[in-house]
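Respectively, the protein sequence lines represent chains L and G. The numbering of the first sequence is numbering that gives the first Met the number 0, which starts it at 0 and goes up by one. The numbering of the second sequence is numbering that gives the first Met the number 0, which starts it at 0 and goes up by one.
FYI, nobody ran anything at the bench for these hints, they're computed from the structure. Warning: the hint list may mix true and false statements.
Partial pick of chain G residues on the chain L-facing surface, computed with a CB cut under 7 Å [to be verified]:
| # | residue |
| --- | --- |
| 1 | I33 |
| 2 | P34 |
| 3 | S35 |
| 4 | A120 |
| 5 | L124 |
| 6 | E127 |
| 7 | Q304 |
| 8 | A365 |
| 9 | N375 |
| 10 | L441 |
Subject to a maximum C-alpha distance of 27 Å in a straight line, what follows is the list of computed DSS-like cross-link-like pairs (lysine-lysine) [to be verified]:
| # | chain 1 | residue 1 | chain 2 | residue 2 |
| --- | --- | --- | --- | --- |
| 11 | G | K369 | L | K185 |
| 12 | G | K369 | L | K125 |
| 13 | G | K353 | G | K222 |
Just so you have them, the derived chain L footprint on chain G, three or more residues with Cβ under 8 Å [to be verified]:
| # | region |
| --- | --- |
| 14 | 104–118 |
| 15 | 353–364 |
Treat the numbers as computed from the prediction; the structure is a model and nothing was measured. Glycine is no exception: its CB is placed at the ideal position from the N, C-alpha and C atoms.
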Amino acid sequence: MSNGSPRMRLPAPSSERHRLSRFAAKILKPATKWCLAGVFVFAAILPGLRAQTIEDGIMVNKSAICTGTLYTHDAWDHYWEGTYNRTNGNLGTVTTQTMDFTANYGVFKRLDVIGIVPLVWTEASKGVLHGQGGFQDLTLAAKYELIRWRLKEFGTVRFFPVVSGSVPLTNYEPDFQPMSIGLHAKTIAPRATLNFQGLGGLYVNGSAAYVIRGNVTLDRNYYYTNGQLYLSNQVAMPNQFDYVVSAGYRAHGVMFVGNFEEQQTRGGGDIRPQDLPFVSNRMNFKKAGASAVVPIPLHLFRGLQYWFTYSDTFDGRNVGESTTFTSGLMYQVQLHGRHAQ
Amino acid sequence: MTSLAEIFQRSVRFAPVVAIAGIALLIPGCTKSIPSSEQLSPLTPSSTDANAGSWKMVVLTGPTQISVAVPAPATDPGYQTELTSIVNEQSHLTDSEREAITFWSASGVLRWNELLREMVAANDLPPEPLANGTYPSPDPNNPFDMPTYPFSNPPYAVRAYSYVTVAQYDALKVAWYYKFLYNRAQPYQNNSKIKLLMPVTGLPSYPSEDAVEAGVNSTLLAKLFPTGIDQINNEANEQQEAVLLSGKASASDWTAGFALGQAVANIFLTRANSDGMKAAAGNAAEWAQLAQNAINQGQIPWISQENPARPPMLPLFGQVETWILPQSQVAVVRPGPPPSTSSPQMQQELATVKSAVENITRDQLATVYKWNDGANSVTPPGHWNAIAVPYISKAQFSEVRAARTLALLNMAMHDAGITCWDTKYAYFNPRPSQLDPSIKVLIPLPNFPAYVSGHSDFSASASDVLDYIFPTDASYFDAQAQEAAMSRLYGGIHYPSDIKYGLIQGKQVADFTVTFAQSDGAN
Numbered sequence: 000m001s002n003g004s005p006r007m008r009l010p011a012p013s014s015e016r017h018r019l020s021r022f023a024a025k026i027l028k029p030a031t032k033w034c035l036a037g038v039f040v041f042a043a044i045l046p047g048l049r050a051q052t053i054e055d056g057i058m059v060n061k062s063a064i065c066t067g068t069l070y071t072h073d074a075w076d077h078y079w080e081g082t083y084n085r086t087n088g089n090l091g092t093v094t095t096q097t098m099d100f101t102a103n104y105g106v107f108k109r110l111d112v113i114g115i116v117p118l119v120w121t122e123a124s125k126g127v128l129h130g131q132g133g134f135q136d137l138t139l140a141a142k143y144e145l146i147r148w149r150l151k152e153f154g155t156v157r158f159f160p161v162v163s164g165s166v167p168l169t170n171y172e173p174d175f176q177p178m179s180i181g182l183h184a185k186t187i188a189p190r191a192t193l194n195f196q197g198l199g200g201l202y203v204n205g206s207a208a209y210v211i212r213g214n215v216t217l218d219r220n221y222y223y224t225n226g227q228l229y230l231s232n233q234v235a236m237p238n239q240f241d242y243v244v245s246a247g248y249r250a251h252g253v254m255f256v257g258n259f260e261e262q263q264t265r266g267g268g269d270i271r272p273q274d275l276p277f278v279s280n281r282m283n284f285k286k287a288g289a290s291a292v293v294p295i296p297l298h299l300f301r302g303l304q305y306w307f308t309y310s311d312t313f314d315g316r317n318v319g320e321s322t323t324f325t326s327g328l329m330y331q332v333q334l335h336g337r338h339a340q
Numbered sequence: 000m001t002s003l004a005e006i007f008q009r010s011v012r013f014a015p016v017v018a019i020a021g022i023a024l025l026i027p028g029c030t031k032s033i034p035s036s037e038q039l040s041p042l043t044p045s046s047t048d049a050n051a052g053s054w055k056m057v058v059l060t061g062p063t064q065i066s067v068a069v070p071a072p073a074t075d076p077g078y079q080t081e082l083t084s085i086v087n088e089q090s091h092l093t094d095s096e097r098e099a100i101t102f103w104s105a106s107g108v109l110r111w112n113e114l115l116r117e118m119v120a121a122n123d124l125p126p127e128p129l130a131n132g133t134y135p136s137p138d139p140n141n142p143f144d145m146p147t148y149p150f151s152n153p154p155y156a157v158r159a160y161s162y163v164t165v166a167q168y169d170a171l172k173v174a175w176y177y178k179f180l181y182n183r184a185q186p187y188q189n190n191s192k193i194k195l196l197m198p199v200t201g202l203p204s205y206p207s208e209d210a211v212e213a214g215v216n217s218t219l220l221a222k223l224f225p226t227g228i229d230q231i232n233n234e235a236n237e238q239q240e241a242v243l244l245s246g247k248a249s250a251s252d253w254t255a256g257f258a259l260g261q262a263v264a265n266i267f268l269t270r271a272n273s274d275g276m277k278a279a280a281g282n283a284a285e286w287a288q289l290a291q292n293a294i295n296q297g298q299i300p301w302i303s304q305e306n307p308a309r310p311p312m313l314p315l316f317g318q319v320e321t322w323i324l325p326q327s328q329v330a331v332v333r334p335g336p337p338p339s340t341s342s343p344q345m346q347q348e349l350a351t352v353k354s355a356v357e358n359i360t361r362d363q364l365a366t367v368y369k370w371n372d373g374a375n376s377v378t379p380p381g382h383w384n385a386i387a388v389p390y391i392s393k394a395q396f397s398e399v400r401a402a403r404t405l406a407l408l409n410m411a412m413h414d415a416g417i418t419c420w421d422t423k424y425a426y427f428n429p430r431p432s433q434l435d436p437s438i439k440v441l442i443p444l445p446n447f448p449a450y451v452s453g454h455s456d457f458s459a460s461a462s463d464v465l466d467y468i469f470p471t472d473a474s475y476f477d478a479q480a481q482e483a484a485m486s487r488l489y490g491g492i493h494y495p496s497d498i499k500y501g502l503i504q505g506k507q508v509a510d511f512t513v514t515f516a517q518s519d520g521a522n
């Protein structure tokens, strides 16, 4: 039975830590080049501590919880009005900052549930538009490791069906794009993730989802979009397809991954000339970047790790040409003894 | 055996899964279809308004200014052929034809108003700046080139709403005059094989009122919103097809009505050509003079807060021709000056605006976006048309009375718009965010001076007219006007004084229209 106390891990031998920091130093210089290319940044991970997101093929242990806070800074001064890339003197640079409060809990050995609560605030560097702020949408996801296929001498292939959904946490205003903190749509997204973890360290992950979005309710009774006047406060939100692929090296507590992500919205109108964006616009993008996770060697908090992610939007439609980085601390604890299994 | 505590513990672990399943159930399985046309019930007029041919005209001198030839008698072989063709067509109606008949049964006046609002929204986009920091002007001779013509901002829009609805109103009065002069029965009354597929109107069919609507609207809309030409023509063709299939009007009823509508529209186009709108944009020297006038009064002049700075919106619109308000009264209803830009009262009003924005409640925020009516919208006058439509439909007004309601509404708003613009440019008063750059706004800032508020002016004039037409719902219209006006304070774009004097001016101007309506013969 569980004793309810965090399961403390043994301190890593100091030699291992030195080896890791030498390794980190080695990868830092090339990382700047990779940032410029907008493709690769590398991640280092201690054995037993694992990065887990809705999209990746990494699980927490049964009865373990990985929780933490991530700060995201997203900024753009160019954006795509339809397919036309432009700037806007009435916006300048639009910056969206997010604090994500996240938790990933191992319900069973093969089932994780993940919850994310974002606090978002926006601002524009030019013009007179008022920034917005507040709690955005609660995301909950269940990730199930359905197939685990061990390939002798090569590694392990895993397949995960995932379902995630989101609901607005507050009654924030969606009709003030791009200053609004979100779109205020409920979503449900079936997802499939395929993951390969090689014995030699090769790590490949691919994940794709179809995001079904509910209608958005506006505070007005009519709107004009996609060449038509609609006489309703309800906006039909086109569904979305997205996929993310990651590849890199992950072994002996070290992980390097580069990410590529694409979102396609299956309908919706373009931003009209000199108009502001609208909730149901066809928002497409392609982003490239990478993620890093670094352990924090504090003896009192053995499960603490530092996360960093960078991405660059290099193609899009009705979205900002944004540069995004995420930075934060995650902490993993074992809530119940493993002998309970 | 599993203990109760264990069962509880396990079920707690499943809570997140249950929560996700809950979210899934909240999402509609398939996307709801969103209405793009008004849900209106079929129109069975509560009165034929048989005397409408004698109601007071607005622009025409009288119904006989337009001549409509005597129709052929019911026994005429040509007319009989028209009736036979209706019999044949009715024998094989398609689903889309039946849908069109249902759609146009609701009231052509209200259906065309929907399209008018759509045209305004489609064209309500300010030009994008050029690389050199200047703004190109939409060119009426090349309407499809960027920036497309027109930019149907609120002054352009209110003028368009008023031209279309007033022309339609005068034209329908002419139609009523000839209907009851010639008294031709409807096709279904002249041939028992023809079914009436639209509600009974009790009206003589020649000239067709639907055709008058199609003639007026298609002619004026094509001039006012040239890029919408295909949609406009489709609308006219669809109405013609639906009405001719319905057994309500024959081909000759339609032809006479359409020609009548076109003739009246052309008279209004002539008026529009010389009503002062072409000069309303002004020029750089005139813009500079407006600023100088404010400086000469010891005031900080308005400046555009767009980047790059955009010329003020239609500064000479205050000189455009009015409908009912005597032109000489435009300066008379201009309120006194706003609080001086250097006065303690202005400091106090700035503090009120800032506090309104920073302490806004969610309900107030909803009001701001309900009444935003900024770019890409039907504009505030269109919003008031949309408010009036269900009341007109519910009252089951005859087409000529429905047209009267919309004409009175839009004439009042047009005249209020002119006096509002006259006031704005007489004082050239800065927006709150210009005098206090720490004030940020919740909707894009309109690019023209603050005093007096356009929303307040338009809304007070609209509610004044609707109060007169629908007195039992007056408290609702008044509340809407108050809400529209206050939304501009909550949004951070207007001072309390702009709202107070805008509401006063709008009502003052609309009272002229109400006085006109009280003696127009329709009561």
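Inset, instruction - Would you pick out the hints that fail for this structure and give their numbers low to high? - result: Structure breaks hint 13 only.
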